[in-house]
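Modelling step: build the complete structure from the supplied sequences, incorporating the hints.
Which chain is which? The protein sequence lines are X and H, in order.
With the first letter of the first sequence counted as 1, position 631 gets the number 630 in numbering that gives the first Met the number 0; the numbers rise by one all the way through.
With the first letter of the second sequence counted as 1, position 301 gets the number 300 in numbering that gives the first Met the number 0; the numbers rise by one all the way through.
Because the hints were derived from the structure by calculation, they are not lab data.
Incorrect hints may appear among the rest.
Heads up, simulated DSSO-like pairs for lysine-lysine below, C-alpha to C-alpha not over 27 Å straight-line [claimed, not checked]:
1. H:44 / X:468
2. X:610 / H:573
3. H:45 / X:606
4. X:471 / H:69
5. H:371 / X:581
6. X:468 / H:45
7. H:97 / X:468
8. X:606 / H:287
9. X:471 / H:610
10. H:610 / X:415
11. X:415 / X:379
12. X:371 / H:573
13. X:468 / H:573
14. X:371 / H:632
15. X:581 / X:632
16. X:76 / H:573
17. H:606 / X:287
18. X:287 / H:54
19. H:581 / X:371
20. H:415 / H:287
Protein chains: 2
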Amino acid sequence: MGVNSNRVEDFSSHESSTIIRIPPELSSSHQPPFEMIHTVCLPPKKTTTQKLKHKLSEIFFPDDPLYRFKNQQWSRKLVLALQFLFPIFQWGPEYNLKLFRSDIISGLTIASLAIPQGISYAKLANLPPIVGLYSSFVPPLIYSVLGSSRHLAVGPVSIASLVMGSMLGEAVSYTQNPILFLQLAFTATFFAGLFQASLGLLRLGFIIDFLSKATLIGFMAGAAVIVSLQQLKGFLGIVHFTGKMQIIPVLSSVFNHRDEWSWQTVVMGTGFLVFLLTTRHISMKNPKLFWVSAAAPLTSIILSTLLVFCIKSKAHGISVIGHLPKGLNPASSNMLYFDAPLLMVAIKTGIVTGILSLTEGIAVGRTFASMKNYQVDGNKEMMAIGFMNIIGSCTSCFVTTGSFSRSAVSYNAGAKSAVSNIVMASAVLVTLLFLMPLFYYTPNVILGAIIITAVIGLIDYQSALRLWKVDKLDFLACLCSFFGVLFISVPLGLSIAVGVSVFKILLHVTRPNTLVLGNIPGTYIFQSLNRYREALRVSSFLILSVESPIYFANSTYLQERILRWIREEEEWIKANNGSTLKCIILDMTAVTAIDTSGIDMVRELRKILDKRSLQLVLANPVGSVMEKLHQTKVLEAFGLNGLYLTVGEAVADISSAWKPQA
Amino acid sequence: MGVNSNRVEDFSSHESSTIIRIPPELSSSHQPPFEMIHTVCLPPKKTTTQKLKHKLSEIFFPDDPLYRFKNQQWSRKLVLALQFLFPIFQWGPEYNLKLFRSDIISGLTIASLAIPQGISYAKLANLPPIVGLYSSFVPPLIYSVLGSSRHLAVGPVSIASLVMGSMLGEAVSYTQNPILFLQLAFTATFFAGLFQASLGLLRLGFIIDFLSKATLIGFMAGAAVIVSLQQLKGFLGIVHFTGKMQIIPVLSSVFNHRDEWSWQTVVMGTGFLVFLLTTRHISMKNPKLFWVSAAAPLTSIILSTLLVFCIKSKAHGISVIGHLPKGLNPASSNMLYFDAPLLMVAIKTGIVTGILSLTEGIAVGRTFASMKNYQVDGNKEMMAIGFMNIIGSCTSCFVTTGSFSRSAVSYNAGAKSAVSNIVMASAVLVTLLFLMPLFYYTPNVILGAIIITAVIGLIDYQSALRLWKVDKLDFLACLCSFFGVLFISVPLGLSIAVGVSVFKILLHVTRPNTLVLGNIPGTYIFQSLNRYREALRVSSFLILSVESPIYFANSTYLQERILRWIREEEEWIKANNGSTLKCIILDMTAVTAIDTSGIDMVRELRKILDKRSLQLVLANPVGSVMEKLHQTKVLEAFGLNGLYLTVGEAVADISSAWKPQA
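Printed below as a string of structure tokens:
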């Protein structure tokens, strides 16, 4: 920045004489067609160290996170650093009673949702229900100090809970060895936090960008189906249920144990599910009635608990939560498990759930930030979520992040700052201290209904349809992750989908577009002949535009393709008695990078065309390409007549050179 | 092609009045600054099937292999098809005595090199030496019928032999179980051929493009070092040598068996190695003396055999080849091994050696074809090499391909067609039938010297140095494959290098360049302010060019980066009292593709800028991007004033709309 401090304030001083005209090839006028041919510049010289520094700063610090510190006094820098590390110092001083009122309302609203969801998601991860409440208490408090989003409602989420339960369940049975399972869950949470915080610290946040939206749509829909199917256990009252997650074993388990189905459970579950889905529908139709769906889970819990309490003598078939211990989170740092045999399972589970919860947390934070027009710093959020999970793992919490459903409620309920998280945590605190016995008669089936209602919104078939319309390969990635998760496993399904996404990028590079350009009459503009019907071929020229970097992966293809264009052009000329082809112009504007194979291709192509007496000309190579062509001495071979700033100048200058011979 | 059959033959009819002028923002003249604003077209409509067809034909048939068949009579088509399948019918009819004379000379020259190399490479693969001669007889004959290169000298090659020996050696010991080892070698050759032929048939040849030149330079140097170290066994006369390939076990094996070193062998080996390297040096200095290095191996074999024969009573320490069976290739189809336990090893070895030999064969074919200005069809070559190996595996041959060293000799000796391969095969035939007993006293150490001389040319440090200068990441890929092959294993080293190459492509996509453009005074040209010192900022505008497709992997980065450019621009304006920023123009020329995440980014960016009262304008989106923006209705949001064909038109039109307010 700041290279040119003088600016063009007035274009009118440019006489038309200095404006480029596309000169006639067979013009009768003999004045020089161009007032000025512009030379192609090399980018300013930089040492290897400077280049490396620039590259690394673009990779790790694209947002220039320290720009606020520039040109500030020391005392100010200290305050800024404090605010940078603990965003609470940024908004804290400006906080007032009016904001607090909004935050109390929204905090209590989320609490009414967070308590039933917390219990449900803990069940989803095959953990004791109380862990879900613990996880709704400590992490929100930590996030409110470290986090930069004002609307993120923190706590356990469905997908991370499901994945944790299923991945740990493959190594340890939660029914036979519940203590070890719990230890592994805390350890996995610890590693999830460690991984998240390191991603943030090392500024490697872009790794989660590789989970594209298409992948996530498929993945979330698949996970939602799996989660819903898992609830069939509670819904039908089946006692001997498979420990697996894939659709086939689950469905066969459901139908092989038809004798265990309990009609009381089914009736109660269906009734409350219909109630919850109806309230969800009402809130979706009218966002002002968001509180209808927000209050519904707690209402269902209260109603169902009362119901079971009243008919307890007759309700043999309905399983209930049972005794929950009163009191605050116990310390759990002594439960972290670092012994060899299962450590790898915990690390792997931690990384996968870490990535998933990070993706959800960051995406939710960004969504609401952009609605209220403020910025959320991805790397800082990662550190906040990471520390939250590290501390959580030492205080009996399992993996937590910003939940989409609760954040939406929080936003609609008018949350203004992270104080809403503190209010929610206080409500959970009261519950933990005094209200636990009330959950004794809460039927498990109601938790299933709450989970299904929460995850059903993850099946976003409209977005999938949009993918199909706009980008078939994105849709394929979406399908792969959906079916991969459904039939194979969560981590493998995700890897396949990431593979497809990467393959798509490679495919674009391996088979780039090449276009034949023509001139739009009366202008200097050269555009695709195929797309712009008004564009005309320039006789004796073949103008090709390459729409991709030239890499080892496409240099062979490009050479063949360019030679085929030339062959086809020559055949066309033969068939139409056109004037002989003399010059090939490669428009390099979109060739944004080149590697050594690409340079060899250009050199090779020039040699081949030279032997056929065809001139090869490059137009407008970008800085980095220009630099490499220069370093490898390819430019010297091209000479002055082989390089132009624009296609227009190339056509003008070269055809004017031919004129005397014509 | 052929959309516009009328061409611009005369540009002079365009009056300057129709030429675009960049209009002044604060111009005093009130005439409309633009005669014509060009609308951005959508590409011609295509159905999904048409698009798929086009895409698939670009992926699988970029060279339009059937173009010769277009508009031909049936009888002619038949002839063309025959020539297409068997290139021998193409050059056969035009073959004459003069060409034959050249081919005889070059054929005999390669034979003198092929016989010693064949024996040596068979030893390198831990196979009986005679297999190397068999492999120099049948495959060249098959290639001469099917292959399209005129200079490829076919036979065993060092790298594929080394890899085959080392990969099979990990599963079966060639000393304890030589028959099984031989069976596996034939089976692996069969699968190599099957894999190669399928790649060609399915037109998936671009897969070998992913072995970039940088990767290959590193890989070949690493393989050359490994091969040379393996020869220490023969050179020092060590009997108990490690079966491993990596540098560390080999070196420790050499120094742990110092008691087995035999001075006679060392003296003889060193002497002939010096002789061979000297002849190599002479031929490199003066390419006309190519026959010096070509004849040297056979000379060494004859001399050393005579020497050992004369001193046989005293030469206890020198191991010799010993008895070789006379006669033609025996059938070996009954030796193919398809039983479960080792089948996977054979398949894996087949695929890796298949890829490697294909890469070498195609590269060699292309190199010499481009020297003589003819084309080699990659997919057809793959089929030729594939069939050669399939038939080879049934006739006691191991994996073969076009060898670089022998092809260079063939080229220099004046080979004109595949007949040189037939001549060579005939010479091998004579050897097989009559001359085998002569090799009885040939010392093994001489084979080692021949191998070292052959592979030493693969260490191309100059190219590696060039990589370092031009492209640091290419150099990294080169280093990775070099050290990976040296310290880990051949397949893993190769995979790491391919990973680095792919990572490089992804890195370019993940962190693309964004440039601030300025106007070059007096022209319509907008170029990087940083690179073109004469370019000037246009006040009230920020013109950004994005140099990459916009994908899920970079959409977050790009959004942040663009917002940072805007922030920096506004800070600059504040510091310099410039006129307020009103409009951001995104030059989309180099954005060659967009996916759904990218589209969301553009939409999001527009919203953010809208809230800040900044106008966002797109200039020159390419066809596919335009199509997707249209399908997702993003274009509608931009409206007429949000899309221009060129940056120049955008600046002109928008600033003229502001004028009345100014």
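Task: Violated hints - listed by number, lowest first - done: Of the numbered hints given earlier, those the structure breaks are 2, 3, 4, 7, 9, 13, 18, listed in rising order.
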